[in-house]
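Visitor: Residues per chain, in single letters:
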Amino acid sequence: MDEILKISGLTVHYHSDGQVVHAINDLSLSLRKGEVLGLVGETGAGKTTLALSSLNMIQAPQGRVVAGTIEFEGRDVRALSRSDIQKIRGKDIAMIFQDPMTALNPLISVGEQIAETVRRHEKCTQNKAWARADEMLEMVGIPADRADEYPHQFSGGMKQRVVIAIALACNPKLLLADEPTTALDVTIQAQVLDMMSSLIRKSDTSVLFITHDLGIVAENCNKVATMYAGEIVEFGTVEQVFGAPRHPYTIGLFNSLPDFDVVSSRLKPIPGLMPDPTCLPEGCYFSPRCPDATDLCRSAHPVDLIEDGHLVKCHHPGSAKEVVA
Amino acid sequence: MLKYITKRILMLVPVLLGVTFIVFSLMYVTPSDPAQMMLGANASPAAYTQMRADMGLNQPFFMQYLHFLFGFKSAVFGYKGLLFGDLGRSYVTNRNVFELILSSFPNTVYLALGALLLSIVVGVPIGILSATKPYSVVDMVFTVFALLGASMPVFWIAMVLIYTFANQFRIFPAMANPRDIWSLVLPIITLAMYSMAIIMRMTRSSMLEVMRQDYIRTARVKGMPEAVVIRKHALPNALIPILTVAGLQFGALLGGAVLTEKIFSYPGLGSIMVDAIYQKDTPQILGSVCFVAIVFTLVNLLVDILYGIIDPRVKVSMQKARKPLLEDTKHAFARIFGK
Amino acid sequence: MRSHESSESKTTRALRRFGRNARQFWRRFSRNKLAVASLGLVLAFALVAVLADVLYSYDFVTSNSPENAFLKPGAMGSVTFHNLTFDHRFLLGSDNYGRDILGRAIHGARLSMVIGFVSVAIGLAVGGILGLLAGYKGGWFDTIIMRIADVLLAVPTILLSIAIVAALGNSFFNLLVAISASLIPGYIRIVQASIIQVKNQEYIEAARCIGASDLRIVFKHVLANISGPLIVQSTLNVGASILWASALSFLGLGVLPPTPEWGGMLSEAREFIQYAPYTLFVPGIAIVLIVLAYNLIGDGLRDALDPKLKQ
Numbered sequence: 162m163d164e165i166l167k168i169s170g171l172t173v174h175y176h177s178d179g180q181v182v183h184a185i186n187d188l189s190l191s192l193r194k195g196e197v198l199g200l201v202g203e204t205g206a207g208k209t210t211l212a213l214s215s216l217n218m219i220q221a222p223q224g225r226v227v228a229g230t231i232e233f234e235g236r237d238v239r240a241l242s243r244s245d246i247q248k249i250r251g252k253d254i255a256m257i258f259q260d261p262m263t264a265l266n267p268l269i270s271v272g273e274q275i276a277e278t279v280r281r282h283e284k285c286t287q288n289k290a291w292a293r294a295d296e297m298l299e300m301v302g303i304p305a306d307r308a309d310e311y312p313h314q315f316s317g318g319m320k321q322r323v324v325i326a327i328a329l330a331c332n333p334k335l336l337l338a339d340e341p342t343t344a345l346d347v348t349i350q351a352q353v354l355d356m357m358s359s360l361i362r363k364s365d366t367s368v369l370f371i372t373h374d375l376g377i378v379a380e381n382c383n384k385v386a387t388m389y390a391g392e393i394v395e396f397g398t399v400e401q402v403f404g405a406p407r408h409p410y411t412i413g414l415f416n417s418l419p420d421f422d423v424v425s426s427r428l429k430p431i432p433g434l435m436p437d438p439t440c441l442p443e444g445c446y447f448s449p450r451c452p453d454a455t456d457l458c459r460s461a462h463p464v465d466l467i468e469d470g471h472l473v474k475c476h477h478p479g480s481a482k483e484v485v486a
Numbered sequence: 027m028l029k030y031i032t033k034r035i036l037m038l039v040p041v042l043l044g045v046t047f048i049v050f051s052l053m054y055v056t057p058s059d060p061a062q063m064m065l066g067a068n069a070s071p072a073a074y075t076q077m078r079a080d081m082g083l084n085q086p087f088f089m090q091y092l093h094f095l096f097g098f099k100s101a102v103f104g105y106k107g108l109l110f111g112d113l114g115r116s117y118v119t120n121r122n123v124f125e126l127i128l129s130s131f132p133n134t135v136y137l138a139l140g141a142l143l144l145s146i147v148v149g150v151p152i153g154i155l156s157a158t159k160p161y162s163v164v165d166m167v168f169t170v171f172a173l174l175g176a177s178m179p180v181f182w183i184a185m186v187l188i189y190t191f192a193n194q195f196r197i198f199p200a201m202a203n204p205r206d207i208w209s210l211v212l213p214i215i216t217l218a219m220y221s222m223a224i225i226m227r228m229t230r231s232s233m234l235e236v237m238r239q240d241y242i243r244t245a246r247v248k249g250m251p252e253a254v255v256i257r258k259h260a261l262p263n264a265l266i267p268i269l270t271v272a273g274l275q276f277g278a279l280l281g282g283a284v285l286t287e288k289i290f291s292y293p294g295l296g297s298i299m300v301d302a303i304y305q306k307d308t309p310q311i312l313g314s315v316c317f318v319a320i321v322f323t324l325v326n327l328l329v330d331i332l333y334g335i336i337d338p339r340v341k342v343s344m345q346k347a348r349k350p351l352l353e354d355t356k357h358a359f360a361r362i363f364g365k
Numbered sequence: 003m004r005s006h007e008s009s010e011s012k013t014t015r016a017l018r019r020f021g022r023n024a025r026q027f028w029r030r031f032s033r034n035k036l037a038v039a040s041l042g043l044v045l046a047f048a049l050v051a052v053l054a055d056v057l058y059s060y061d062f063v064t065s066n067s068p069e070n071a072f073l074k075p076g077a078m079g080s081v082t083f084h085n086l087t088f089d090h091r092f093l094l095g096s097d098n099y100g101r102d103i104l105g106r107a108i109h110g111a112r113l114s115m116v117i118g119f120v121s122v123a124i125g126l127a128v129g130g131i132l133g134l135l136a137g138y139k140g141g142w143f144d145t146i147i148m149r150i151a152d153v154l155l156a157v158p159t160i161l162l163s164i165a166i167v168a169a170l171g172n173s174f175f176n177l178l179v180a181i182s183a184s185l186i187p188g189y190i191r192i193v194q195a196s197i198i199q200v201k202n203q204e205y206i207e208a209a210r211c212i213g214a215s216d217l218r219i220v221f222k223h224v225l226a227n228i229s230g231p232l233i234v235q236s237t238l239n240v241g242a243s244i245l246w247a248s249a250l251s252f253l254g255l256g257v258l259p260p261t262p263e264w265g266g267m268l269s270e271a272r273e274f275i276q277y278a279p280y281t282l283f284v285p286g287i288a289i290v291l292i293v294l295a296y297n298l299i300g301d302g303l304r305d306a307l308d309p310k311l312k313q
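Residue numbers (my numbering), protein chains in the order written: chain A, 162 to 486; chain B, 27 to 365; chain C, 3 to 313.
In case anyone wonders, no lab produced these hints; they're calculated from the structure. One thing to keep in mind: the hints can contain errors.
[Said to hold, decoys possible] Straight-line C-alpha distance at most 25 Å; calculated PhoX-like pairs for lysine-lysine:
1) K248/A - K194/A
2) K284/A - K363/A
3) K258/B - K284/A
4) K289/A - K248/A
5) K35/C - K159/B
6) K248/A - K284/A
7) K289/A - K159/B
8) K248/A - K258/B
9) K194/A - K252/A
10) K363/A - K252/A
11) K252/A - K258/B
12) K258/B - K159/B
13) K167/A - K334/A
14) K429/A - K194/A
15) K222/C - K139/C
[Said to hold, decoys possible] Label pairs and their computed distance ranges (CB to CB):
16) V120/C - P430/A: 53 to 61 Å
17) M356/A - L174/B: 28 to 36 Å
18) K12/C - L457/A: 45 to 53 Å
19) L428/A - L28/B: 53 to 61 Å
20) W208/B - L86/C: 52 to 60 Å
21) D163/A - L332/B: 49 to 57 Å
Beta carbons: idealized from backbone N, C-alpha and C, even for Gly.
Just need the whole structure built from these sequences, with the hints factored in.
Guide: Rendered as structure tokens:
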């Protein structure tokens, strides 16, 4: 049972303009070594906050971890000293962000931005670091002779590849990928995802893959978790959750996908909007939008129901209309 | 690179022409009449008309402007024109205004550069410090200090400093000259106050802006220690706009010098100008202003070129622009001159 | 839904929206205690300036009584004025001509306020129109007007004002022209840049798609976009104008003695600093306070109007 990342009861608040934003609410999640976990949710569900918490990078003073623990390889991330956590960042845990256009320092060459990480974490010479940088560039499909060029000389897709090269340069044990392909063209998306998958498989890195695209999850992940209003509402293997989703939100997500085989004129979105994080509803956070909400749902917060490793946070799981496969 | 510089220089020319045009227009509308001054009060109308013709003053406005630039020659009177170094004739000394400018300007530059250096050396570190601890007590104190510095008239600062440190606490002399560095302390501090305040605040806001950027987050996520993040990632990006500010402040410093040199009896262009104002020597005033404007424009050109060297985004766009420019020129020629 | 609410006229709705925005703005602005205090100070100065003639008559502060020269602050002196002799307490002392410094400072306040506001108004009007032409028409208008702005900016501001006043002669009007000329290029740039930015925004295309006319779109959006920076810049410019005006009168350009202008007062005080330091400090501190106040207000406005909330 080697859990590389174990989050228990995490609650994170942001303070903005005198109000409290409940970004993450009593969240528990664990990731095993070698697993690729897809974290699905709409914008504002708290996915990025979750990833940043794992690196203890929640921006104080606005953001605070109010409760819970985050353990990486058994060590409490929040208890680590400044220098210890800096040793982990970039080396054991790496993170890539959504927007490649702004993620790289415009005044430093791409080669140096990779070499910098290598030098710091592997404590090697300048030459070795540069050699590794060249190696990483080739691995992500960029010719090594472009290592001296600057970020603005690359397209969006290539910038994201550089970002991935930086992240994987020190062979991290855990990769936090926050919507890495969302900002790219569809065709480039496919290329970058392919490349990422092969690199991940080769190095046996554990991945937390944050996305809102179910298709990406289906193709690249072996476990999936659905996140809503700062909570995990469903969790299981891809076969379990995609085959038989049990939480109304997950079911709604699947229902909202356009179906090429069925001729219909209207899409079926989930009605309503995500709740205001400064003022979450009583009971189940999804109840205002759930077609099958009962009075119990609106008054009591649901507990986790686990069956065979498939977790649902719902009073009446599986009662929503089945997905037409 | 050469293309970039040439392009920048070409863009300068209309600006410089514009400045000379303004200076000339101001000379043109000045109430005092050069012909009158030449002849004295008791001249006959005929002599007056003749003098005006001899001085070229009866010619249309635009012709006079061209003379102003290129020179004028008549039987009695002549001058070489601005492009040949003749900025006009002083009412007081009746000599080329340029002589006096040239002899006194280096002193002013000396003072202005000293003040600029002080502003940067003090202003930038404080700005960085304020940015790393925003809204803290330290930040508040420096902000108020900077606001004060930007609100005090520079000539008042001069007088207060002289009163305090020269009269009451006899530490520094009240009169300054370029050879005695100790005497330059008060004038340099006086001049630097305003620029220091501006640079301090601009560094602070530039740093804050940069620290908000995604690539800073990337650097932290890579595990770089905060000191490296600030020094290697944030600072270079933050300092680029400060370069422009420093260049502009040099112009403000030259202006400030005008106001303070006389107070310190410092022999620079500022003192010359103040004397000229007192003596109503309009050509001297306008000639000096024109000269300073030209120098200031060249300083800004220098800053632009520096940008081209430092910022890779500019450097590369220069290289990329080279080829199309050549092609476009070729096509243009082909269209004009033949099939 | 909207058509049924026509019981409220457009004006009422607009006013209501304005009131809401104003209240929200005030809430944000008033968080900055320094800015509010500065606003109070400026209003106090303005009040004093308006009441200048009531407090001290203009003739009184511009007529000499040499026998009362260099009285310390708070001292009593015997003054003969309009054939009347009376005892007068010089609250902040008297200058080298025996004139009441406080009285002169108050009249100087009025002069500075007027210079500040009028110069900024002229600069805003001229610069704004030129910027509008440059941004909206584009093409040659843009090129030429921006070049004009560049030329004006090529001369350091004090020197430009000195050149203009020296050439045109000493008068209040020329002083205003000189200071406005320095302010104009700044406004040209702000307005032009704002229009260019708005022109390129995507929501302009969207508005065009629904059929709104070009002029109306640009006007509405530009106005909304621009009013913040313009207000902030204008506030700061009032402070700057007062500084420049005092610099010019210090040099003997613009308004001349005996007109009480703070810069002129400082110039006269120069010879006598050692002897009577209060002649140096009263006008100087007045300038510093007023300009500092305007700078603080401008800063507070900038923070309050900034769409990017910080904390």
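Visitor: Evaluate each hint against the coordinates.
Guide: Quick rundown of the hints versus the structure:
1. Taking the CA atoms of K248/A and K194/A, the gap is about 20 Å. The hint holds against a cut of 25 Å.
2. Taking the CA atoms of K284/A and K363/A, the gap is about 24 Å. The hint holds against a cut of 25 Å.
3. Under the criterion of a C-alpha separation no larger than 25 Å, the hint pairing K258/B with K284/A is consistent with the structure, at around 18 Å.
4. Between K289/A and K248/A the CA atoms are separated by roughly 19 Å; this keeps the pair inside 25 Å, and the hint holds.
5. Under the criterion of a C-alpha separation no larger than 25 Å, the hint pairing K35/C with K159/B is consistent with the structure, at around 20 Å.
6. Between K248/A and K284/A, the direct Cα distance comes to roughly 11 Å. Compliance with the 25 Å bound is thereby established for this hinted pair.
7. This hinted pair does not check out: K289/A and K159/B have alpha carbons roughly 37 Å apart, beyond 25 Å.
8. Under the criterion of a C-alpha separation no larger than 25 Å, the hint pairing K248/A with K258/B is consistent with the structure, at around 18 Å.
9. Proximity of K194/A to K252/A is assessed by CA-CA distance (about 16 Å); at most 25 Å being required, the pair is judged to hold.
10. The straight-line distance between the Cα atoms of K363/A and K252/A is roughly 17 Å, inside the 25 Å bound, and the hint therefore holds.
11. With a C-alpha separation of about 20 Å, the suggested pair K252/A and K258/B falls inside the 25 Å cut-off, and the hint holds.
12. A hinted pair counts as satisfied when its Cα atoms are at most 25 Å apart, and K258/B with K159/B qualifies at roughly 18 Å.
13. Our distance criterion of 25 Å between C-alpha atoms is met by K167/A and K334/A, whose separation comes to about 14 Å.
14. Of the pairs offered as hints, the one joining K429/A and K194/A is violated, with about 37 Å between alpha carbons and a cut-off of 25 Å exceeded.
15. Proximity of K222/C to K139/C is assessed by CA-CA distance (about 17 Å); at most 25 Å being required, the pair is judged to hold.
16. Look at V120/C against P430/A: about 59 Å separates their beta carbons, and that is inside 53 to 61 Å.
17. At roughly 57 Å, the beta carbons of M356/A and L174/B sit outside the given window of 28 to 36 Å.
18. In this structure the hint that K12/C and L457/A lie 45 to 53 Å apart at CB holds, the actual value being about 49 Å.
19. Taking the beta carbon of each, L428/A and L28/B are about 59 Å apart, inside 53 to 61 Å as hinted.
20. A hinted range of 52 to 60 Å holds for the C-beta pair W208/B and L86/C, which are about 54 Å apart.
21. For the hinted restraint 49 to 57 Å between D163/A and L332/B, the CB-CB distance of approximately 55 Å keeps it satisfied.
The structure does not agree with the numbered hints 7, 14, 17 stated previously, though it agrees with the rest.
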